[in-house]
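Visitor: The residues making up each chain are set out below.
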Amino acid sequence: MFDSHNKFRTFAELVGFPDSLGSPVPAAADTHGTTVLCLRYKNGILNLGDRRATAANYIMYDRADKILTLDDHTLVAISGSFARSVEIARYLRHAFKYYSRTQLQDMSLEGKLQEVSRALAGNLSMSLDGIGVFVPIVSAYNPATDSLGIYFYDVMGARFESGEYGAAGSGSDRIRGVFDYIQREKGPFDKRPLDDVLKDGLTMLDIASRLDSATGDMTNTLPAAKTLTKDGIADVPSSTLAKAVKSIHSK
Amino acid sequence: MLSPYDWQESITQRAQYIENRLRSGSPIVGLSIDEGCILYTYRKNVRKVYEVYDRVMFSAIGQQADVESMRVTSIDFAHQEGYAHSEEDVTIGRLVGFALSGPMKRAFGDLTIAPFVIHALFAEMNAKPDEDLFIWLHYDGDFVAHRHFAVAGGTGPVEQRMRDYLSEKYDPKMKFDEAIRLADAAWRIGADRDGNGQPDDELFRGAYPEIGFLERNVDRVRRFRLIQEEAKRFP
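Chains A and B are the protein sequences, given in the same order. Note that the first sequence ends on residue 258 in the working numbering; no numbers are left out. Note that the second sequence ends on residue 440 in the working numbering; no numbers are left out.
There's no promise every hint is true.
[Said to hold, decoys possible] Covered stretches of chain A, going by a simulated chain B footprint (3 or more residues, C-beta under 8 Å):
| id | segment |
| --- | --- |
| 1 | 17 to 23 |
| 2 | 72 to 83 |
[To be verified] Derived DEER-like restraints, expressed as beta-carbon distance ranges:
| id | chain 1 | residue 1 | chain 2 | residue 2 | range |
| --- | --- | --- | --- | --- | --- |
| 3 | B | R438 | A | K49 | 34 to 44 Å |
| 4 | A | T236 | B | S372 | 43 to 53 Å |
| 5 | A | T226 | B | R438 | 51 to 61 Å |
| 6 | A | D72 | B | D335 | 27 to 37 Å |
| 7 | B | E420 | A | D72 | 16 to 26 Å |
| 8 | B | R425 | A | S169 | 22 to 32 Å |
| 9 | A | K49 | B | D405 | 54 to 64 Å |
| 10 | A | A241 | B | T317 | 50 to 60 Å |
| 11 | A | Q112 | B | R352 | 25 to 35 Å |
| 12 | B | F303 | A | T226 | 50 to 60 Å |
FYI, nobody ran anything at the bench for these hints, they're computed from the structure. On a predicted model such as this, the values are computed, not experimentally measured, just so you know. Glycine is no exception: its CB is placed at the ideal position from the N, C-alpha and C atoms.
Working from the sequences, and respecting the hints, build out all of it.
Guide: So this is what it looks like as structure tokens:
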């Protein structure tokens, strides 16, 4: 017989997660991704992120992509420790695939969200030392109920569902209240078209970059922007993005 | 005391036993075209084509317990390697050569344990049809790599007839629908064991096509598609 056995086994057991993560790095060397936001729009969810990654007071990189695809129905926007969050997103991507192939069915949304919680909890001992802290926002389409949802987490893995928007990262606290203001003035995000919501989102990212030194501005590098709908995940075309950024800067 | 002669005789009997079991299996046709990689077969109540990894799938003839065991072993091996290194590093050459062939050879040669009753076809999609790979894996651990098209059938002569047919008709520029019609024709040749021009009733009655399709040029994360209901329109 093959060595393998057919009992139910999780991907974490197969690869020995979280021990399979690399060893921790000192806090000063830990690169951080900064501001990301997720906004509902009519029929979809828009994810936006600035492109800056910082380590202490250094700007490490101005082209970081913090909006990552987990599978065809799930996006994660990450802020905090870059190394750790990219590695955990990678782990989750593999875990979802492993489940669907071994079990011959896709993991349910609840299962995926639980897996994110577990990955955060697995990262906790390091987080308590102030290393590798990160906060994900998950945008997901649930085929079972034909609905979209935005979910955010604390560092311990507690999950919260957010209705219309989510934001995380150093610049997010500066703009959180603006979300409410916009909703009161213009109506709920999920009733408005994409290009309209895209302008609001970019405006907030622009404000965050002015109030928070760790958030990159949009002049030189366009922000990362992806949409999630029931048809899948798509990049917002850079021409659309460039035009929207230009119109914001001209105001 | 087992003499070398006894061993040889037992092995021969073993091979005969396995080949008798495999003889009635529904053949599998693998084709590589511009749009992607196809595994085509007819199934009854049990699924036959499985996704193994991002660009890898397989189908097999044989005992269901062995198919299942090979499926789980392959998935585990591919995912461990893909996670430890990169998705690009997972190939069927290493999967079959390192994880499957050895244990199958051991099980076949060790008269104290049950051998694998399985005959499998693995498919790996790469950047273009010329780079795609099929591996034909025999119950004794023996394996052969093929490009462009490959088959797995109940007996050697059946496979030869299918290959002859495909080598005459195969064209990598074929569209998906054409490729499916070709695969279906090749399957019917493989399922016609008595040579009367019709697929054998035992294989054909109550069976319907199942297609595993790895799509080459898609933006989706998941490239594998299992086509069952829609496949019924083809034959």
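Visitor: Now tell me, hint by hint, if it's right for this structure.
Guide: Taking the hints in turn, this is what the structure says about them:
no.: 1; hint: 17 to 23; result: holds (count 3)
no.: 2; hint: 72 to 83; result: holds (count 3)
no.: 3; hint: R438/B <-> K49/A: 34 to 44 Å; result: holds, 35 Å
no.: 4; hint: T236/A <-> S372/B: 43 to 53 Å; result: holds, 45 Å
no.: 5; hint: T226/A <-> R438/B: 51 to 61 Å; result: holds, 54 Å
no.: 6; hint: D72/A <-> D335/B: 27 to 37 Å; result: holds, 33 Å
no.: 7; hint: E420/B <-> D72/A: 16 to 26 Å; result: holds, 24 Å
no.: 8; hint: R425/B <-> S169/A: 22 to 32 Å; result: holds, 27 Å
no.: 9; hint: K49/A <-> D405/B: 54 to 64 Å; result: holds, 56 Å
no.: 10; hint: A241/A <-> T317/B: 50 to 60 Å; result: holds, 57 Å
no.: 11; hint: Q112/A <-> R352/B: 25 to 35 Å; result: holds, 33 Å
no.: 12; hint: F303/B <-> T226/A: 50 to 60 Å; result: holds, 51 Å
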